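Chain by chain, the residues run as shown.
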Amino acid sequence: MTEQTTPSAPPKMAARHVNVFYGDKQAIRDVSIEIDNDHVIAFIGPSGCGKSTFLRTLNRMNDTVAGARVEGDITLDGENIYDPSMDVVQLRARVGMVFQKPNPFPKSIYDNIAYGPRIHGLANSKADLDVIVESALRRAGLWDEVKDRLKDSGTALSGGQQQRLCIGRAIAVEPEVILMDEPCSALDPIATAKIEELIHELRGRYAIAIVTHNMQQAARVSQRTAFFHLGTLVEYGVTSEIFTNPREDRTKDYITGRYG
Amino acid sequence: MSGTAITILIIGLGLIAWLSARARALRLAHAGRASPPSAPSPAPEARPRGPLLHSLPSYHGWYAAIWVAVPALLFLTVWTSLMPGLVTDRVLQDPAAATLPQDAFSRGAILSEGRAIAQGKAAAAFDPRSNAFVEPYREAQRFYSIGGGVIALLLAFAGGAYAFTRIRPDFRARTRVERLVMLGLLIASLIAIITTVGIVASLLWESIRFFSLVNPVDFLFGTKWSPQSAALGYGNENAFGAVPLFWGTIFIGAIIAMAVAIPLGLMSAIYLTQYARPAARKWLKPILEVLAGVPTVVYGYFAALTIAPAMRDFAVSIGISSASSESALAAGLVMGVMIIPFVSSMADDSISSVPQAMRDGSLAMGATTSETIRQVLLPAALPGVVGGVLLAVSRAIGETMIVVMAAGLAANLTLNPFASVTTVTTQIVQLLTGDQEFDSAKTLAAFALGLVLFIVTLLLNIVALQVVKRYREAYE
Ligand SMILES: Nc1ncnc2c1ncn2[C@@H]1O[C@H](COP(=O)(O)OP(=O)(O)O)[C@@H](O)[C@H]1O
Ligand SMILES: [Mg+2]
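Going down the list, the sequences are from chains G and C. Under the working numbering, the first residue of the first sequence is numbered 1, with each subsequent residue one higher. Under the working numbering, the first residue of the second sequence is numbered 261, with each subsequent residue one higher.
Same shape as in the complex, but just chain G (with noise of 0.2 Å):
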């Protein structure tokens, strides 16, 4: 038997010979791929090369999609997240996701961190509350900002500060893993650094993965990187390596720019 290169714990999800059909058309062919703790993962790729597909696969969104048919292993701590007990309003409380555009409901800035604790659970009084909304705020870099308003509307906030808004959102509910898909392409270079600076902050704490097709911005957040090409992974592998010295052709001429 060879030397298992992964630590002995088991990755926090991992996709096995995973398939996405959208009706009759194959999105996503065989990815088998790891996600943990202790890294960011980049998925990069030229687009419609099923990169929010697949993303969308690890906390069951396709579900939403009607169509949508998801075939293979994924697990969450070693759980099958597609095995009919599991409680799909749950597993999406454990993988939170951040979407492309910034998304915040039309509620006050309070009420959005406020949604996903309330609608768990998670807090037995107003002051259990407050305590939550101000850590998720802190920690998505967005207090400062909005402690003195925290009843004004989330839709009001600039693009970038929706976007933290959303992220804060997100980790309120205390998820393990936290689903990213273009987080940044909505927003300017300054709010793009800043949603950056907190993915760096983050990591460590939640195992996250990010879709972006910014190759700065993968090398610069991501330490580990997945190429993906026509719904198959190309390649993956440590990000610095990926960028530096790829193994496969078509991940050469894509982070060249050759096309995507």
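Keep in mind that the hints were calculated from the coordinates and are not lab data. Each hint should be verified, as a subset may be incorrect.
[Claimed, not checked] Straight-line C-alpha distance at most 30 Å; calculated DSS-like pairs for lysine-lysine: (1) Lys542(C) <-> Lys729(C); (2) Lys542(C) <-> Lys25(G); (3) Lys12(G) <-> Lys194(G); (4) Lys101(G) <-> Lys729(C); (5) Lys194(G) <-> Lys107(G); (6) Lys151(G) <-> Lys729(C); (7) Lys194(G) <-> Lys101(G); (8) Lys126(G) <-> Lys151(G); (9) Lys12(G) <-> Lys101(G); (10) Lys107(G) <-> Lys126(G); (11) Lys729(C) <-> Lys107(G); (12) Lys194(G) <-> Lys252(G).
These numbers come from a predicted model, not from an experiment.
Model the placement of chain C with the ligands on the given structure of chain G, informed by the hints.
Chain C with the ligands only, in chain G's frame:
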């Protein structure tokens, strides 16, 4: 010559103008191509370049046809409406007119009898004096209709001639026709607006007359409504207090009907937008919308013949002895059902226009579908829903047939849903049916009620559209 014949003749002339103007334009175009200004070139491949037509020949045709037909037909319309007055004036200049009696009533009777015989609508005179006017009427009619016909034809020819002189290759007939089409469309839309203004003006005018007989304060705040007593000569005070009507209208249209329509409409919209499979939605939505097309008189039958007796029996069975066979509840319930598709389709629109990202955001937080609906979709869709409900209320309070058939006529100021109440629209119908003098306070009250209804629904509509619009902007 009769008006119809002249009209047909003018349309025929227009057709001829169309054909010949088009032919002329075509000829001009050919002439331009066939004989280039310089000597014929020997090289066959050098295409002759003449002055090409600016506009297609058919545009020249339309231009001429419009000039032939429109002024002449407009003149005929005006002429036809002026003619009776002109004819009578001419008859009055006849020597026979000196023999007419002085009092206006018998003068008018004799003259109109003479006219009726002249036009062949009456066979013989009831009053022998009328006979003297038959011939003058015939003569005057003939004079003016021939005169009008001739002027119309002259106008048609003059218009045609003018249009023909303008047919040149570079004449921009297409632009002109376009402008005339626009003018026609503008007039069409103005007609609707002018009619509305006219209706409002007449409503205002009659209401002002009413308020010169009845104090507006008594009307708006009085609690006793018995126009019959005013008609019987007991005076106008204390007979036109419209509060019971306003209350009845609100009770039925804004309270009972909405208590049915809002929850059911909202729930069906939620089901259709959030739970129904696309196939089910494809069937259910049109079926629901068909409900909106059922004539209100059918709902009225249903309310009066089925629901109202059932409500009375129910009331009696739970020990309410005062229950009437016409009740606010019966009318309100059926009206609520009538309004469901309306509320549902407005709510459907506003729920569907909440971005998918909101829904995804909530589901990704681990919320269930119903939590997502209650906490995210409905609050976000609320302004649109409120706007829809306001529009529904304005429809409900203006609705007539159901309340006429099922709500009753007694102007009760009551909270009891099993009692008979009456509404503004019911009373308007009541005040205006049957033989009425058109200047009694009783009849004029209908206009005042109409004015109040108009103002209230107008305000509701303005507020509702404003709310809906602001909401739409928020998501664009
Ligand atoms: N809801 C859907 N229904 C059908 N096909 C879809 C749907 N979402 C994505 N696809 C298809 O799946 C493929 C992968 O899409 P996606 O995961 O969005 O790619 P990426 O995020 O890498 O740009 C694309 O070909 C896309 O057209
Ligand atoms: Mg994507």
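Taking the hints in turn, this is what the structure says about them:
1. Lys542(C) <-> Lys729(C): Between Lys542(C) and Lys729(C) the Cα gap is close to 27 Å, so the pair holds against 30 Å.
2. Lys542(C) <-> Lys25(G): Roughly 25 Å between the alpha carbons, so the hint for Lys542(C) and Lys25(G) holds.
3. Lys12(G) <-> Lys194(G): 26 Å, holds
4. Lys101(G) <-> Lys729(C): At roughly 24 Å apart (the allowed maximum being 30 Å), Lys729(C) and Lys101(G) satisfy the hint.
5. Lys194(G) <-> Lys107(G): Between Lys194(G) and Lys107(G) the Cα gap is close to 23 Å, so the pair holds against 30 Å.
6. Lys151(G) <-> Lys729(C): 25 Å, holds
7. Lys194(G) <-> Lys101(G): 16 Å, holds
8. Lys126(G) <-> Lys151(G): Judged against 30 Å, a Cα distance of about 15 Å means the pair holds.
9. Lys12(G) <-> Lys101(G): 27 Å, holds
10. Lys107(G) <-> Lys126(G): 18 Å, holds
11. Lys729(C) <-> Lys107(G): 20 Å, holds
12. Lys194(G) <-> Lys252(G): 29 Å, holds
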